[in-house]
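Chemist: Sequence:
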Amino acid sequence: MVTPMRIDGISFLVCATQRSGSTLFCELLRATGVAGVPDEYFERLRATGLPRQPRQYFEDDGVQDIAERLAPTVSGRPEEPGEFEAWFRYVLQRATTSNGVFGAKMMWNYLDDFKVRMAELPGLGGLTFNAQLDVVFPRLKIIFIRRRDKVAQAVSLWKAIQTQRWRTESESDSDDLDADTDQTANVEYDYRAIEHLLDQLHRWDARWEDWFHATGREPIRIFYDEFTVNRAATIGRVLDILGIDPPEPEGKGSMKRQADDLSKDWVSRFRAESEQRQRV
1 MVTPMRIDGI
11 SFLVCATQRS
21 GSTLFCELLR
31 ATGVAGVPDE
41 YFERLRATGL
51 PRQPRQYFED
61 DGVQDIAERL
71 APTVSGRPEE
81 PGEFEAWFRY
91 VLQRATTSNG
101 VFGAKMMWNY
111 LDDFKVRMAE
121 LPGLGGLTFN
131 AQLDVVFPRL
141 KIIFIRRRDK
151 VAQAVSLWKA
161 IQTQRWRTES
171 ESDSDDLDAD
181 TDQTANVEYD
191 YRAIEHLLDQ
201 LHRWDARWED
211 WFHATGREPI
221 RIFYDEFTVN
231 RAATIGRVLD
241 ILGIDPPEPE
251 GKGSMKRQAD
261 DLSKDWVSRF
271 RAESEQRQRV
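With the first letter of the sequence shown counted as 1, position 224 gets the number 224 in the working numbering; the numbers rise by one all the way through.
These are calculated hints, taken from the structure and not from any lab test.
Honestly, I wouldn't trust all of these hints.
Said to hold, decoys possible - Straight-line Cα separation of at most 30 Å, BS3-like style, residue types lysine-lysine; simulated pairs:
#1 Lys115 / Lys150
#2 Lys150 / Lys264
#3 Lys141 / Lys115
Unchecked claim - Estimated spans, in silico, between C-beta atoms of each pair:
#4 Arg217 / Ser98: 24 to 30 Å
#5 Pro122 / Arg269: 48 to 54 Å
#6 Arg94 / Glu188: 36 to 42 Å
#7 Tyr189 / Leu127: 45 to 51 Å
#8 Ala31 / Leu262: 24 to 30 Å
#9 Phe129 / Pro81: 19 to 25 Å
#10 Ala232 / Ala119: 24 to 30 Å
#11 Glu80 / Arg217: 48 to 54 Å
By construction, the Cβ of each residue, glycine as well, lies at the ideal position given by its N, Cα and C atoms.
Whenever a hint applies, use it, and build me the whole structure from the sequences.
Modeler: Below is the structure:
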C-alpha cells in the first residue's frame with residue numbers, strides 16, 4: 001500500500017537557525033506525546049546526502065582561510081532519483097503522533113534543497129512551493145524560534161562547528177555546566193569566524209521573515225531567551241495556538257543547557273573586541 005502524501009490533521013513546521021534553541025524546543029514538544037515528532041528530517045544536502053559540514057559554513061569570499069583550519073569535507077554521494085520520495089513518505093508517518101498531528105523542523109540553510117526535492121515529488125512539480133505545502137499540509141502552521149542574543153548564538157555555533165557536537169543528553173536539563181568540557185582544548189576563539197557566523201545568522205533570520213511575508217504565513221514566534229525561563233508555559237501556549245489538547249503533566253526534557261563559562265568568556269571577548277574595532 002502506497003502511503004498518501006498528505007497530512008489532513010494539524011501540522012506544523014518549526015523554522016529556525018542553528019543554535020537557536022530549536023532542538024530543546026522540539027524535544028519538549030515531542031515529550032508531550034501529542035505534538036507530532038518534530039525533528040530535522042531534512043538536514044542533508046542533495047549534492048552529498050549529508051548534513052552541512054564545518055567548511056561549508058565558510059564558503060564566502062574572505063573566510064576560506066578559516067575553512068582550511070576545519071575538518072575536511074566528506075564527499076558523500078548525491079541523492080538518487082526517487083530516494084527523497086521514499087524518505088518523505090516515511091517522514092510523514094514517523095513525524096505524526098497517534099492523534100494525527102505532524103511536526104518537523106527546518107533550518108534556513110536547508111530550505112532551498114527542500115524546495116527542489118518537493119518539486120520532484122509526484123503531482124507537485126507544476127506548483128509553487130507554497131502551493132505544494134498546502135497540498136501536503138492543508139492545516140500547516142509555522143513556528144519561528146530565534147535567539148535575541150545573536151553573539152551568544154554565533155559563539156555557540158562556532159564551538160559546535162569545531163567540535164562537531166551539536167547536542168548532549170543529560171538526566172538534568174537544568175545543569176549549567178559545559179556539555180563539551182572534555183573537548184574545550186580542541187576549540188579556539190576566532191573573532192573573524194564568530195563575526196562571519198553572526199552575519200549569517202542575522203541574514204538567515206531576515207530571510208525567514210521575508211519568506212513568511214511573501215507566503216502570508218504569519219508564524220507563532222518563540223524567543224529562546226524567554227522560552228527557557230518558563231518552558232511549560234511556552235509549550236502550553238504553543239499547543240493552545242495549534243489547537244492541540246494538552247497531555248497530563250510529565251517530566252522535563254533531557255537536553256542539557258550548553259552555555260558554559262568558555263562560551264560566556266568568548267561572548268564578552270567578542271563584544272569588547274567589536275567595540276574596539278569600531279573605534280578605529
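Chemist: Does each hint fit the structure? Answer for all of them.
Modeler: Hint by hint, here is what the structure shows:
With a CA separation close to 27 Å, the supplied pair Lys115 and Lys150 stays within the 30 Å bound. Under the criterion of a C-alpha separation no larger than 30 Å, the hint pairing Lys150 with Lys264 is consistent with the structure, at around 13 Å. The suggested pairing of Lys141 with Lys115 holds, with an alpha-carbon distance near 17 Å, which does not exceed 30 Å. Separated by about 27 Å at the C-beta atoms, Arg217 and Ser98 satisfy the suggested range of 24 to 30 Å.
Between Pro122 and Arg269 the CB atoms are about 53 Å apart, so this pair conforms to the stated range of 48 to 54 Å. For the pair Arg94 and Glu188, the beta carbons lie near 38 Å from each other, so the given range of 36 to 42 Å is met. Take Tyr189 and Leu127: their Cβ atoms lie about 47 Å apart, and the range 45 to 51 Å holds. The hinted window of 24 to 30 Å between Ala31 and Leu262 holds, with their beta carbons roughly 29 Å apart.
A beta carbon spacing of about 20 Å between Phe129 and Pro81 agrees with the range 19 to 25 Å that was offered as a hint. Our hint of 24 to 30 Å for Ala232 and Ala119 is violated, since their Cβ atoms are close to 40 Å apart. Evaluation of the 48 to 54 Å hint for Glu80 and Arg217 yields a failure: the beta carbon distance comes to about 31 Å.
The structure shown violates the earlier hints numbered 10 and 11.
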